[in-house]
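*Asks:* This is what each chain is made of:
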Amino acid sequence: MGRKLLAVMLAVVLAVAIAGPSLADNYPSKPIKFIINFSAGGTTDTAARLMSSKATEILQQALICMNKPGAGGTLGVSEVARAKGNGYTIGTCNMPAVAIIPLTRKVPYEPFKDLVQVCAVMPYEYALMVRGDSPWKTWEEFVEYVKKNPGKVTYGSPGTGTTNHLVTARIGKELGLSWNHVPFQGGVKETAALLGGHVDIINNTTASVASSIKAGKIRVLLVTSEERFGMVPDVPTMKEKGFKFSQISYMSVVAPAGTPPAALEKLSAAFQVACSDKGVIKSCAQLDLHPKFIPGKQYQALLEKLSAEWGALLPELGVKIKK
Amino acid sequence: MLETLAVAASQALTLTNFFGAALGIFLGSLLGAIPGLNGTMAIALLIPVTYTWSPLFAIAMLVGCWKGSVYGGSISAVLLNAPGTPEAAATALDGYPLTKQGKAGKALKMALYASVIGAVFSDALLMVASPPIAALALMFGPAELAMLILFALVVVADTGAKSQLKGLISTALGMLLATVGLDPITTQQRFTFGSIDLDAGIGLLAMLIGLLVMSEVLVQMEEGWKEAHAEAMVKSDDPNASRVTWPELKGCLGTIFRSSILGSFCGALPGVGSITAAFMGYDQARRLSKHPERFGKGELQGVAAPEAANNAVCGAGLIPLVTLGIPGALSAAVIMGAFMIHGLAPGPMLMVEHPETIYGLFMLLILSDFFMLIIPLPLMKAGQWVVSVPRAYLFPVILALCVIGAFGTHQNLFDVKVMVFFGVVGYLMKKWELSPAALLIAFILGPMAEVYLRQALKISGGDPSIFVTKPLAALFLALSLGAIVWTVLRNRRSKKTA
Numbered sequence: 001m002g003r004k005l006l007a008v009m010l011a012v013v014l015a016v017a018i019a020g021p022s023l024a025d026n027y028p029s030k031p032i033k034f035i036i037n038f039s040a041g042g043t044t045d046t047a048a049r050l051m052s053s054k055a056t057e058i059l060q061q062a063l064i065c066m067n068k069p070g071a072g073g074t075l076g077v078s079e080v081a082r083a084k085g086n087g088y089t090i091g092t093c094n095m096p097a098v099a100i101i102p103l104t105r106k107v108p109y110e111p112f113k114d115l116v117q118v119c120a121v122m123p124y125e126y127a128l129m130v131r132g133d134s135p136w137k138t139w140e141e142f143v144e145y146v147k148k149n150p151g152k153v154t155y156g157s158p159g160t161g162t163t164n165h166l167v168t169a170r171i172g173k174e175l176g177l178s179w180n181h182v183p184f185q186g187g188v189k190e191t192a193a194l195l196g197g198h199v200d201i202i203n204n205t206t207a208s209v210a211s212s213i214k215a216g217k218i219r220v221l222l223v224t225s226e227e228r229f230g231m232v233p234d235v236p237t238m239k240e241k242g243f244k245f246s247q248i249s250y251m252s253v254v255a256p257a258g259t260p261p262a263a264l265e266k267l268s269a270a271f272q273v274a275c276s277d278k279g280v281i282k283s284c285a286q287l288d289l290h291p292k293f294i295p296g297k298q299y300q301a302l303l304e305k306l307s308a309e310w311g312a313l314l315p316e317l318g319v320k321i322k323k
Numbered sequence: 001m002l003e004t005l006a007v008a009a010s011q012a013l014t015l016t017n018f019f020g021a022a023l024g025i026f027l028g029s030l031l032g033a034i035p036g037l038n039g040t041m042a043i044a045l046l047i048p049v050t051y052t053w054s055p056l057f058a059i060a061m062l063v064g065c066w067k068g069s070v071y072g073g074s075i076s077a078v079l080l081n082a083p084g085t086p087e088a089a090a091t092a093l094d095g096y097p098l099t100k101q102g103k104a105g106k107a108l109k110m111a112l113y114a115s116v117i118g119a120v121f122s123d124a125l126l127m128v129a130s131p132p133i134a135a136l137a138l139m140f141g142p143a144e145l146a147m148l149i150l151f152a153l154v155v156v157a158d159t160g161a162k163s164q165l166k167g168l169i170s171t172a173l174g175m176l177l178a179t180v181g182l183d184p185i186t187t188q189q190r191f192t193f194g195s196i197d198l199d200a201g202i203g204l205l206a207m208l209i210g211l212l213v214m215s216e217v218l219v220q221m222e223e224g225w226k227e228a229h230a231e232a233m234v235k236s237d238d239p240n241a242s243r244v245t246w247p248e249l250k251g252c253l254g255t256i257f258r259s260s261i262l263g264s265f266c267g268a269l270p271g272v273g274s275i276t277a278a279f280m281g282y283d284q285a286r287r288l289s290k291h292p293e294r295f296g297k298g299e300l301q302g303v304a305a306p307e308a309a310n311n312a313v314c315g316a317g318l319i320p321l322v323t324l325g326i327p328g329a330l331s332a333a334v335i336m337g338a339f340m341i342h343g344l345a346p347g348p349m350l351m352v353e354h355p356e357t358i359y360g361l362f363m364l365l366i367l368s369d370f371f372m373l374i375i376p377l378p379l380m381k382a383g384q385w386v387v388s389v390p391r392a393y394l395f396p397v398i399l400a401l402c403v404i405g406a407f408g409t410h411q412n413l414f415d416v417k418v419m420v421f422f423g424v425v426g427y428l429m430k431k432w433e434l435s436p437a438a439l440l441i442a443f444i445l446g447p448m449a450e451v452y453l454r455q456a457l458k459i460s461g462g463d464p465s466i467f468v469t470k471p472l473a474a475l476f477l478a479l480s481l482g483a484i485v486w487t488v489l490r491n492r493r494s495k496k497t498a
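Same order as they appear, the protein sequences are chains A and P.
Going by my numbering, the first residue of the first sequence is number 1, and it counts up by one from there.
Going by my numbering, the first residue of the second sequence is number 1, and it counts up by one from there.
What the hints contain is simulated information worked out from the structure, not anything from laboratory work.
Treat the hints with care, as some may be off.
Pulled from the structure, derived: some chain P residues nowhere near chain A, Cβ distances all over 10 angstroms [as the list claims (entries may be wrong)]:
#, residue
1, Leu168
2, Thr187
3, Pro292
4, Ile341
5, Val386
6, Val389
7, Gln411
8, Leu413
9, Gln455
10, Ser465
11, Lys496
In silico lysine-lysine, PhoX-like type, Cα no more than 20 angstroms apart, as pairs [as the list claims (entries may be wrong)]:
#, chain 1, residue 1, chain 2, residue 2
12, A, Lys305, A, Lys113
13, P, Lys297, P, Lys431
14, A, Lys30, A, Lys84
15, A, Lys152, P, Lys458
16, A, Lys320, P, Lys458
17, P, Lys297, A, Lys147
18, P, Lys417, A, Lys173
19, P, Lys431, P, Lys162
Just some of the chain A residues that point at chain P, by a computed CB distance under 10 angstroms [what the hints assert, rightly or not]:
#, residue
20, Asn149
21, Lys152
22, Gly172
23, Val182
24, Lys189
25, Ser283
For clarity, every value in this text was computed on a predicted model and none was experimentally measured.
Here a beta-carbon is modelled for each residue, glycine too, at the ideal position from N, C-alpha and C.
Using the sequences and the hints, build the whole thing.
*Replies:* Dropping the structure here:
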């Protein structure tokens, strides 16, 4: 074992010495820094760590996970954007950090120039939900109530400018609802406010409240993601209800611009395997997370489309645009 | 039920799990005791490692680490006036004066006993009263929380200052600094001067290390190694200087009990936290004491109260986590990750789906409280030895640790700059007899007050009557007003007698 390890280490040292890090054949020849742009213990963190351990096996190099949370995910993403594009710094990324937040305030990176999307690995699954003991059994009943009681109903989101806020605001706008937005600081406080009856409806990820949904404490009225959920198979999606849009955000893997294409390919391949690995899928399923792989270029195009679409709508939804 | 308990016991009560809990407590109290390093850091470092272990071992270790660090912080707070963790900032107020009187051992032991009692109380609540407490916690929405935080601000505003005016100046400064960063409601940049590093606001830990630890090193350096050292090492003639006598403990039991309730309450409310608990605990002890003038000069109750309160946060912080899937405190949020990675989705179904694991965890929690009585003892001794090391060697090491601690939280050099800046600010504040402790608590409470106030007004559509029509909000508003009136009357009376 000792000799084997020594041999591997020597090989690595030699490889680096002879070839230098520029030769992608040897990539990765040293551990890779993996910056998670949300705090430890959350959905993104858990999914990222589950996948990174599989990716580590495939790449034969450790992915060293570091949490850099804050400012809607932009702090972690900017750390990746600032790093050298050599394949040894990558990170997780959420849709708003590249497609929405840069439109509303100054961020130290050009989302589509300084960053490359390696691949998307998992969709976040969203829904509009109310308390289990609330009078509304269906989405229609709820809408009817809001229309009869203008200005009385409040909806919660994990923060201004999140997809949760924007999609819900857009739904309200299309239906002509008069209701008040209450931004909370993250999904946890949003959920607590719903359970305590301080807001009437929230838009949240289903994974984070799976236990409360199963226990009947929270009722899902409308799935805002593209497809129905296995957890609540009878609840319709917003597309089925006639809306022309839905709430799309993936957890993706990003690298700094200039990362060698060969390195990007290797990384993407590793995450593709991790996404379809039985062990990863099973661990994720326990938390109601469902990995899904999308190639980097395809996801980048989707992000650009979303950015243009939301950018045009932001002022109408009451979100200030960067000057 | 009995069967579940038996299964739980067989899963939980193993030597491996004992070892996990003990190791957690040791690591936590060690990192907590070292100025500059802290328990949240320890937990964050341990989390990835625990992913491969059994859930009970991992969670017992993490919770042990959390509890250990909350106590550990008091060691450096008492011995050096440099709180190892933010929770211990209130403990330094009376702990360090006791050290100066040669009663370091007494203060440390009182802190330990109070911590353990607070922890046992809160773990017991977690086990027997989780559902009603969680239901109570949920009743606190933005309006109620806004008034609760207002009350907290009113009562702790002058903590640790020479005069009320200086206390209020320190508080205002803290609230002002807390406005830096993204606006919590609109997410627009506020006082960031274009710096992305400031988008997330001034880093709490980096600021704390500067304000509380580095500033103290500067102060003591200036006082001169020799005098400061000689002063700190006064031998007390009290034969009980390094132990707590039964009458002393008995005298503090009332305070400890009240602090345990306060701490548990703060723990169960999502987003109030152990620092607030410690300061409110300290304040209730001072207010209800027959000799409030003794506080800040080495009053044993002033050590017992914050320590019981901040340790009571841990167990209670798990109440909303296991019943609702909502972590009550920062460290509980990190521990939630450990639940999730092991497939235990926190929430109302946790008890239904995994009762053995949860009961097993409860057993380990109570046991770890008793480990707390023994494990930190060598650290206490080591700490007392360390402070006898000449300051010329000790201080450079502490300064280096400050830099490591500030950098280590987010691996960000900017945090080190923040730490140094606040080291100087803290030094100046101490020179001008302002209160870094009051600045700190205002820095923590200020943003909460702002967010909850604005959220409440969003809910009511801008109508401020929400603060009086909601009964709990009205109660805390009345309490705040009462506290102000009470303070004014007390000042008048003390002026008359003076």
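*Asks:* Hint by hint, work out which the structure violates, then give me just those numbers in ascending order.
*Replies:* 2, 4, 7, 9, 17, 18, 20 and 22
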